[in-house]
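Engineer: Guided by the hints, dock chain B onto chain A, whose structure is given.
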Amino acid sequence: MPSIDQIIRDSQIWKSIFRHPAPVDRRNRVVVMLTNFFLHLHPVSIKKQGIALSFTWCMGGITFFLFLVETVTGVLLMFYYRPTLEWAYADITALRDVASLGILREVHRWAAHAMVITVWLHMYRVFLTGSYKPPREFNWVIGVILLLLTLLLSFTGYLLPWDQLAIWAITVGSNMARATPILGHEGPGAALLTLDGIDMITNASDARFGLLGARFVGEETLNRFYVLHCIAIPLGAALLMAIHFWRIRKDGGISGPL
Amino acid sequence: MHGHNTAEFLQGVAGFIGCYYLAIAAMNATAALFLWQTGRARSYFKISGLTFTTAHIWLIVSLAFTMMGGIALGGMAGILSLPSGLRATFDLLMGPMTYTLGSLVILSILYLGRNFFVKPMVAWSGLNLSLLFMGLSLTDYDFAQIVTKPDNVPIVAMVYLLGYFTWLSAYRAVQNDTRIANGEGPLESLDDEKVLVWPDLVYTELICMIALTVILIVWAVALQAPLEEPASAVKTPNPSKAPWYFLGLQEMLVYYDPWMAGVVLPSMVVFGLMAIPYIDFNKDGNGYYTINERKFAYITFQFGFLVLWVTLIVMGTFLRGPNWNFFGFYETWDAHKVEALNNVDLSEYFWIRTLGVGRPGAPDGAGMLESIGWILVREAPGIICVVGYFAFLPPAMVLYSKFFRKLFVRMGFLRFMVLSNLILMMALLPIKMLARWSVNMKYFISIPEYFLNF
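Line order of the protein sequences matches chains A and B.
The numbering of the first sequence is my numbering, which starts it at 1 and goes up by one.
The numbering of the second sequence is my numbering, which starts it at 1 and goes up by one.
Pulled out of the complex, with its shape left as it was, chain A reads as follows (with noise of 0.2 angstroms):
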């Protein structure tokens, strides 16, 4: 009689989804990595430096790891949670008192705190290999433009608590692009910008009312900041991290000469 996991492997339904026995043996381990859509992300084979964790710290994939950790947790807290001034903080404050699963918000929290870190030692590794050496350069640009996207996520997703702690960090943050040289109106050189003697910078047209949505953080900062923590910067980053990965493939490996 053949065992339930036979019966299993060998139904039609099981079949149509992987489309190969068991990876068991040489032939079929590669044919895993090249048919499963997830994994062909990876080589089939690959140098086994390129896995020693003494080597490779494993930071880069953890940090893609804690993404994953973020916009599934993230997801089930949008459900939950209306950024607007009424609601806001009462909805944190349920996620914390009330609401079951309300450890989400901690689990978040706490990912994107390691998420930063993972980054900046993901980044510490490739330097310290000399992995961003040629015909990696453009992969390491690719890297910072992440790196600051991962910081931009953070900081937008700072303010959505909205309590004191939230408002008061991204005031002290956003106060900086007061300062934009021309483009703020306290900056160097914005007082040059006048036409027929109306300045054209004030602080309702510079750049940190377009960051700010108004001319200090409220209601519009809340919106802004959830569309751009929810949407555009997660949607930016996961095609940046697409090409990142992608262009690790193309460039032969994490490191070493091509």
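Please keep in mind that the hints were generated in silico from the structure rather than gathered at the bench.
Since the model is a prediction, treat every value here as computed from it, not as a measurement.
Hints should not be assumed to be uniformly reliable.
Said to hold, decoys possible - Cβ-to-Cβ under 7 angstroms is the rule here; a few derived chain B residues that face chain A:
no., residue
1, Pro-154
2, Asp-191
3, Glu-193
4, Lys-194
5, Phe-246
6, Val-263
Said to hold, decoys possible - Listed next, the in silico DSBU-like pairs over lysine-lysine satisfying Cα-Cα at most 35 angstroms (straight line):
no., chain 1, residue 1, chain 2, residue 2
7, B, Lys-442, B, Lys-241
8, B, Lys-235, A, Lys-48
9, B, Lys-119, B, Lys-283
10, B, Lys-119, B, Lys-46
11, B, Lys-119, B, Lys-194
12, A, Lys-250, A, Lys-48
13, B, Lys-406, B, Lys-283
14, B, Lys-149, B, Lys-241
15, B, Lys-235, B, Lys-442
16, B, Lys-194, A, Lys-15
17, A, Lys-250, B, Lys-235
18, B, Lys-194, B, Lys-283
19, B, Lys-295, A, Lys-250
20, A, Lys-48, B, Lys-119
21, B, Lys-149, B, Lys-337
22, B, Lys-406, B, Lys-337
23, B, Lys-406, A, Lys-250
24, A, Lys-48, A, Lys-15
25, B, Lys-149, B, Lys-235
26, A, Lys-250, B, Lys-194
27, B, Lys-402, B, Lys-295
28, B, Lys-194, A, Lys-48
29, B, Lys-283, A, Lys-48
To be verified - According to the in silico footprint, chain B covers these stretches of chain A (three or more CB under 8 angstroms from chain B):
no., region
30, 18-31
31, 87-100
32, 103-115
Ideal Cβ positions, reconstructed from N, Cα and C, are used throughout, including at glycine.
Structural biologist: Below, chain B alone, put in the same frame as chain A:
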């Protein structure tokens, strides 16, 4: 001012500190077991016929920490503290200058003595000492307040992770450098046989994901995410701090105006990072850890990352209190602490203190262009310094330094200008720090009329 009861506070932290010491004890016991099991324990010294190995040493350390854990759990955490006189001396000695220069000196010593400090025995001792220092400090109310704040816990973790990975990379680099000096290839070249991704990599990834999920859930259960009072636009907290990863930039505000600290210098950091692969022409050190083969790149990067980025974040997080004043590890954050600020502009130094005349200024009723002209005269000393810094230093480096001349020849004009200007940009911060600490320099160029203070 304290508003806390020392006995009550000690009672509250005793459980945590006790577990903390027991965890370190377990860590050392594991190390001893590992050394003994793998046969890596080396004999260290002999006392009356008994041979002591490294495994014994860590076992003894483990026993000591177990006893400390017992003392803390037994309700006597108070005796496991640094003497208050020592803590007061620490606070007295510490300031932005001693902290920053001290970090630089320590990192330089670690770098120069790397062959010694990367030895596992030495590094492990260092880890134990730092954990002991943390433990002894945790009985201090002010230290505990700031270090165990939920949002600060990741930063403590980051400091240890960075320490560990810096050690690991240097350990491998020192090994590789020795091998290369002996004419062998780096360690990484030993492992260039190929393995199949399934199962070797796929399973590593799976285990990694499970471990991380467990860590995140435990972390989330153990530590509640911070939530303060509802936002209020009229109640400004003191200190108001940016998110922790931007605190290095906020710290720069002490030395530079927002347009530099918040816009220009961060943009240069991003631009400089992106430029690295295009200005580092050194083909060595691609795909393995090494220091000797790329000393200039290594030192420049570590100075920028560890000294100018990480230590400033640590200072901004743990040592900057109300009004952004500096507070030592064991100092109470007193909002009424007053620090004398009598910083002086370069133009004042030049016109008033050196020449003994007033600062030149436009006569009443002068037109816009005329007043700008007078401002330029007033700020001429600073403007000459800054223009000279950026325009004359790069060629001077080529002319007078053999090292930079070699770089120039290898890199060509454009690359060299990018490199030298990035380095000069990076050096602006330490230069301004030194000028502030030594002669209270406020601004080299001070044109508040146009928000252009430099």
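Engineer: Now look at each hint and say whether the structure bears it out.
Structural biologist: Evaluation of the provided hints:
The interface hint given for Pro-154(B) is met, as the beta carbon of that residue sits about 4 angstroms from the closest beta carbon of chain A, less than 7 angstroms. Annotation: Asp-191(B) was flagged as interfacial toward chain A, and the flag holds, the nearest CB pair being 4 angstroms apart, inside 7 angstroms. Below 7 angstroms, beta-carbon pairs count as interface contacts, and Glu-193(B) has one with chain A at about 5 angstroms; its hint therefore holds. Given the 7 angstroms rule on beta carbons, the hint for Lys-194(B) holds: about 4 angstroms separates it from the nearest Cβ of chain A.
A least Cβ separation of about 6 angstroms between Phe-246(B) and chain A falls short of the 7 angstroms threshold, and the interface hint therefore holds. The criterion of a C-beta within 7 angstroms of any C-beta in chain A is met by Val-263(B), whose closest approach is roughly 5 angstroms, and the hint holds. With a C-alpha separation of about 23 angstroms, the suggested pair Lys-442(B) and Lys-241(B) falls inside the 35 angstroms cut-off, and the hint holds. Of the pairs offered as hints, the one joining Lys-235(B) and Lys-48(A) is violated, with about 57 angstroms between alpha carbons and a cut-off of 35 angstroms exceeded.
For the hint linking Lys-119(B) to Lys-283(B), the alpha-carbon distance of about 28 angstroms falls within 35 angstroms, and the restraint holds. Between Lys-119(B) and Lys-46(B), the direct Cα distance comes to roughly 22 angstroms. Compliance with the 35 angstroms bound is thereby established for this hinted pair. The suggested pairing of Lys-119(B) with Lys-194(B) holds, with an alpha-carbon distance near 30 angstroms, which does not exceed 35 angstroms. This hinted pair checks out: Lys-250(A) and Lys-48(A) have alpha carbons roughly 18 angstroms apart, not beyond 35 angstroms.
For the hint linking Lys-406(B) to Lys-283(B), the alpha-carbon distance of about 15 angstroms falls within 35 angstroms, and the restraint holds. Annotation: proposed proximity of Lys-149(B) to Lys-241(B) holds, straight-line Cα distance about 14 angstroms (limit 35 angstroms). Distance restraint check for Lys-235(B) and Lys-442(B): the Cα-Cα separation of roughly 30 angstroms lies within the 35 angstroms cut-off, and the hinted pair is therefore satisfied. Restraint check for Lys-194(B) and Lys-15(A): satisfied, since their Cα atoms lie roughly 30 angstroms apart, inside the 35 angstroms limit.
Straight-line distance between C-alpha atoms of Lys-250(A) and Lys-235(B) comes to about 54 angstroms, which puts the hinted pair past the 35 angstroms bound. Between Lys-194(B) and Lys-283(B) the CA atoms are separated by roughly 24 angstroms; this keeps the pair inside 35 angstroms, and the hint holds. With a C-alpha separation of about 29 angstroms, the suggested pairing of Lys-295(B) with Lys-250(A) holds against the 35 angstroms cut-off. Under the criterion of a C-alpha separation no larger than 35 angstroms, the hint pairing Lys-48(A) with Lys-119(B) is consistent with the structure, at around 25 angstroms.
Under the criterion of a C-alpha separation no larger than 35 angstroms, the hint pairing Lys-149(B) with Lys-337(B) is consistent with the structure, at around 22 angstroms. A distance of roughly 52 angstroms separates the Cα atoms of Lys-406(B) and Lys-337(B); the hinted pair therefore is violated under the 35 angstroms criterion. Between the alpha carbons of Lys-406(B) and Lys-250(A) the distance comes to roughly 34 angstroms, so the proposed pair stays at or under 35 angstroms and holds. Taking the CA atoms of Lys-48(A) and Lys-15(A), the gap is near 32 angstroms; set against the 35 angstroms cutoff, the hint holds.
Between Lys-149(B) and Lys-235(B), the direct Cα distance comes to roughly 21 angstroms. Compliance with the 35 angstroms bound is thereby established for this hinted pair. This hinted pair checks out: Lys-250(A) and Lys-194(B) have alpha carbons roughly 17 angstroms apart, not beyond 35 angstroms. Our distance criterion of 35 angstroms between C-alpha atoms is met by Lys-402(B) and Lys-295(B), whose separation comes to about 16 angstroms. Restraint check: the Cα-Cα separation between Lys-194(B) and Lys-48(A) comes to about 6 angstroms, which is no more than 35 angstroms; the hinted pair holds.
Taking the CA atoms of Lys-283(B) and Lys-48(A), the gap is near 22 angstroms; set against the 35 angstroms cutoff, the hint holds. Residues of the region 18-31 of chain A lying with their CB closer than 8 angstroms to a CB of chain B number 4, which satisfies the three-residue condition for coverage. Evaluation of the coverage hint for the region 87-100 of chain A: fulfilled, as 4 residues show C-beta separations to chain B shorter than 8 angstroms, against a requirement of three. Proximity of the region 103-115 of chain A to chain B, defined as three or more residues with a beta carbon under 8 angstroms from a beta carbon of that chain, is established by the 9 residues found.
In this structure, the earlier hints numbered 8, 17, 22 are contradicted, and the remaining ones agree with it.
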